[in-house]
Amino acid sequence: MSSAPDSAAFHAAVAARRDYLNALFRREGRGVQPEVFMAYLRDVVGPLVGLTAGADSARAEELTTALYRLTLRAHRQGLIGGDAPSAALRHALTRTLPPLLSAFPDRPRDLSLAVCNGALRLERLDTARALAWLTALESLGPSCTDLDTLFSLGLVLAWREGAAEYRPAAHARFAELPPLLRRAALGVETLPNDPARRFAAPMDDAPLGPPAVVARLGGFVGFGGPFRDPPLVVAAEGRLFAFDSHSTTEIFADAFGAALRQVAEPPHDQDAPHSASFSLADDGVLRIGDAETQLAPLAASSSSAWADGVAAVTLPHSHFVFVVGRSGAA
Amino acid sequence: MSSKTTPSSKHQQVSQAPTNPRAAERRRGFDVAELYSGPLGDAVVSPTDATGGVALDEKLRQAYFWIVNHAIISPFYDIEYNAEPPKVFRFGDSKVEVTLPTSQSYSSYVLMPLLNLAVRRRCLLVGGPGRGKTVIATLLGIIAGYDLGEVKQGIQHGQPQMTIADLLGNPLPSTMINAERMEDIKIAWRKWLGMRVKIIDEYNRIPTRTQSALLTVMADNYAEIYDQIYECPPAAWYLTANDDAGGGTYQVIEALRDRIDVVVKALHFNTRFLDELLTRIEEGVAPEDMVPPEIVFTQAELNRLEKEVRAVRVPLALRRRLQFFASEFEFFEAGGRQLEYMTKDTVKVAGVPLNSFADAGGKDTQLDLNAQTQNGLSVRALMTMLVFVKAAAYFRGAEEVEFEDVRQVLPFVLHDKLAQNRDAPFFDQGDNGSLRADQVSWIRGLFDAACQTYDRLARDTDDNIATLLEQLETGLDGLELREVEKRLDAIERELRSIEAGGKLYGHMFDDILALKYMHQRYTNYRVWLRSRA
Chain U
0 MSSAPDSAAF HAAVAARRDY LNALFRREGR GVQPEVFMAY LRDVVGPLVG
50 LTAGADSARA EELTTALYRL TLRAHRQGLI GGDAPSAALR HALTRTLPPL
100 LSAFPDRPRD LSLAVCNGAL RLERLDTARA LAWLTALESL GPSCTDLDTL
150 FSLGLVLAWR EGAAEYRPAA HARFAELPPL LRRAALGVET LPNDPARRFA
200 APMDDAPLGP PAVVARLGGF VGFGGPFRDP PLVVAAEGRL FAFDSHSTTE
250 IFADAFGAAL RQVAEPPHDQ DAPHSASFSL ADDGVLRIGD AETQLAPLAA
300 SSSSAWADGV AAVTLPHSHF VFVVGRSGAA
Chain X
0 MSSKTTPSSK HQQVSQAPTN PRAAERRRGF DVAELYSGPL GDAVVSPTDA
50 TGGVALDEKL RQAYFWIVNH AIISPFYDIE YNAEPPKVFR FGDSKVEVTL
100 PTSQSYSSYV LMPLLNLAVR RRCLLVGGPG RGKTVIATLL GIIAGYDLGE
150 VKQGIQHGQP QMTIADLLGN PLPSTMINAE RMEDIKIAWR KWLGMRVKII
200 DEYNRIPTRT QSALLTVMAD NYAEIYDQIY ECPPAAWYLT ANDDAGGGTY
250 QVIEALRDRI DVVVKALHFN TRFLDELLTR IEEGVAPEDM VPPEIVFTQA
300 ELNRLEKEVR AVRVPLALRR RLQFFASEFE FFEAGGRQLE YMTKDTVKVA
350 GVPLNSFADA GGKDTQLDLN AQTQNGLSVR ALMTMLVFVK AAAYFRGAEE
400 VEFEDVRQVL PFVLHDKLAQ NRDAPFFDQG DNGSLRADQV SWIRGLFDAA
450 CQTYDRLARD TDDNIATLLE QLETGLDGLE LREVEKRLDA IERELRSIEA
500 GGKLYGHMFD DILALKYMHQ RYTNYRVWLR SRA
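Chain order of the listed sequences is U and X. When the letters of the first sequence are read in order and numbered with numbering that gives the first Met the number 0, they come out as residues 0 to 329. When the letters of the second sequence are read in order and numbered with numbering that gives the first Met the number 0, they come out as residues 0 to 532.
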């Protein structure tokens, strides 16, 4: 490792923990090219440690160990320096972590892992959304009072960027954020409670439009989807589930996005199949609350279910789940 | 649940949360950590519990999976859980059954020591040399927050010359010279006494006198030299021995053996995993050097862990079943003239060999579980049993103990607590002879047999004695004479029905004594009521 002027603390830390780091590389670094990893340490990790640890040698050691481990794993998995490197991870390590590690000196390992893992998770949805999440964290993160608040903010921002499965947790965490951060994140201080407005953005108070297909989820397993055969949907315990002969997934959808997620155990008790708030006739006439519309593609559905402002419909010859809701009319 | 890794990266990472999806499903709503866990390792934000702290059951599971995947080669799943009926295969002339568990199952050799860390009890690791007994104890020391050097320093290696001073510490010579009273002598206590993980390697090689000093530390949590006392913090103990029978250079004193809460056997090395050994040699790194920080517990977390384990509920129906099982063993009909003294304890205290008494005869050997043991279950054994079944349920992410937790954990807790009566006719029947050696299967079989009897008697729905006890539990205040007499009649009816049954079995012994106890309470109360009238 050649010395860079701002990496003295990093070099001292590497020297102090040399045996451990070497053992770590021998154990966890199979397949990683040493020179590529060294170059990365020199060019990215060293300056990051130097920038955020300053002259604090204990902190430099802690940071070095955490980032060494993290980037070694990333190299091994091809997320750095591989055939398909992760743009989100690069952004996280070079742009997002420097201001955050400076603002939050405690628990550097948790902070760096959280930001990088979160970026990778959102990148699976869409790279642009992951980058938007990181950018928002860079600008709003340093305003958080502590790391727990930062993690809560990150969750709310991830939900905003389309990770619909975090909706219940994000709702809970949103209430814990300071008012200013709430406004900065979602434009409001209080989230609307009305399930009917689930597909309208929090700031949007325009009247709701007619029911419409707001998302299409799933797909045939041969084309990368989760279903081997056309799925069916049920409502249980106030949640929506889609299942085929092999697996059960939970449906998450709202104004920010929609997602399916595998569940370990299928629900036991189904909710009543009919609801006063929702109906779907064989000819595709669909009613949500007092709004009714005909959605011809959904005629002769194989199943439909309704829970908490979301309707899900399946068709006998389709591997998709159609999510229906009422967006803001605007 | 193992990490998703390539074969070459087998020693690399902590399993991703949730390690038990069932537990995570139950904790829905506290999933902030999901966003922050991933391929690079899990950030410690979770999954969080209701207080916002790290979910320690998840951390415990991650520690378990790291040990089995990367540290100890223990490809055995002898603690089996099934969500659906498992597939069963039968092999050989003995038709030994091998079941393929359908739910997350565990290796006792790793799980039980880990649970022992959570509940801070005393675990004996038994097995031949080189099977990783000391390694697993060392790993648990590191997981408890010590560095490798501290753990190594803290290990007490049993050897025939070990003195009390070697074990506990030495008086400082300068204070001995100047001391006018015993209190003036200062002791340089050994550092291990203050550790939260205590490891005694080859405890059966410690001389008897030193074993007695060890007993004081293990049993009462303090050490004493020259009238000076050292109070030890609560700790998880790990003792190792090569010999299951407690032999070795010195016979282990009975009181010391009795203090051991759980016994785990190091199983043989499966030669199919020889390549794994080769990889380790080539890597040149010991697992103790590589414990990931994610699975290391702080002192505060260990305290919270123990508290959370204690909070796991044991449902009433299961408690009843456990009562029934535990009641099977103490009764010894030939051991006394008065029912209260018809116990194995009476015989033991008198120093008379159990087998010198004539067999009561005529009892169903399958039903008479009592005949298979030389002793009953002590209060300490029952308490340990409850603690470990709670720990097993907690480890699986459950809020209350389930039947299978009890069934799986019991053999390891009662391993040294229930002494087998190897001369019992039961062991001469069919292929039961093998149970003389296989203590785990024997104890599990005892529990299964007790449960069968319990179900046959329909005790879940038809337990008049439990109902009578519940009535008494509500108190006697304000009870009228007529009601008291009604209850006395009910008690006598129960006694008559047992009387009519003929043979006396273990579970009836405690029932009769409980009925007698209630009868006496009501009788006294009736006398008092009449005196007032």
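Keep in mind that the hints were calculated from the coordinates and are not lab data. Ideal Cβ positions, reconstructed from N, Cα and C, are used throughout, including at glycine. Each hint should be verified, as a subset may be incorrect.
[What the hints assert, rightly or not] Chain X residues, not near chain U, derived (Cβ > 10 angstroms throughout): (1) Tyr35; (2) Ser36; (3) Pro38; (4) Arg208; (5) Met289; (6) Gln519.
[To be verified] With a Cα cut of at most 20 angstroms, we get these calculated SDA-like pairs of lysine to any residue: (7) X:Lys151 / U:Pro104; (8) X:Lys515 / X:Ala448; (9) X:Lys502 / X:Lys485; (10) X:Lys151 / U:Asp18.
Structure-based check of all given hints:
{"no.": "1", "hint": "Tyr35", "in the structure": "violated (4 angstroms)"}
{"no.": "2", "hint": "Ser36", "in the structure": "violated (6 angstroms)"}
{"no.": "3", "hint": "Pro38", "in the structure": "violated (6 angstroms)"}
{"no.": "4", "hint": "Arg208", "in the structure": "holds (42 angstroms)"}
{"no.": "5", "hint": "Met289", "in the structure": "violated (6 angstroms)"}
{"no.": "6", "hint": "Gln519", "in the structure": "holds (48 angstroms)"}
{"no.": "7", "hint": "X:Lys151 / U:Pro104", "in the structure": "violated (32 angstroms)"}
{"no.": "8", "hint": "X:Lys515 / X:Ala448", "in the structure": "violated (27 angstroms)"}
{"no.": "9", "hint": "X:Lys502 / X:Lys485", "in the structure": "violated (28 angstroms)"}
{"no.": "10", "hint": "X:Lys151 / U:Asp18", "in the structure": "holds (19 angstroms)"}
Going down the numbered hints, you'll see the structure goes against 1, 2, 3, 5, 7, 8, 9, while the others check out.
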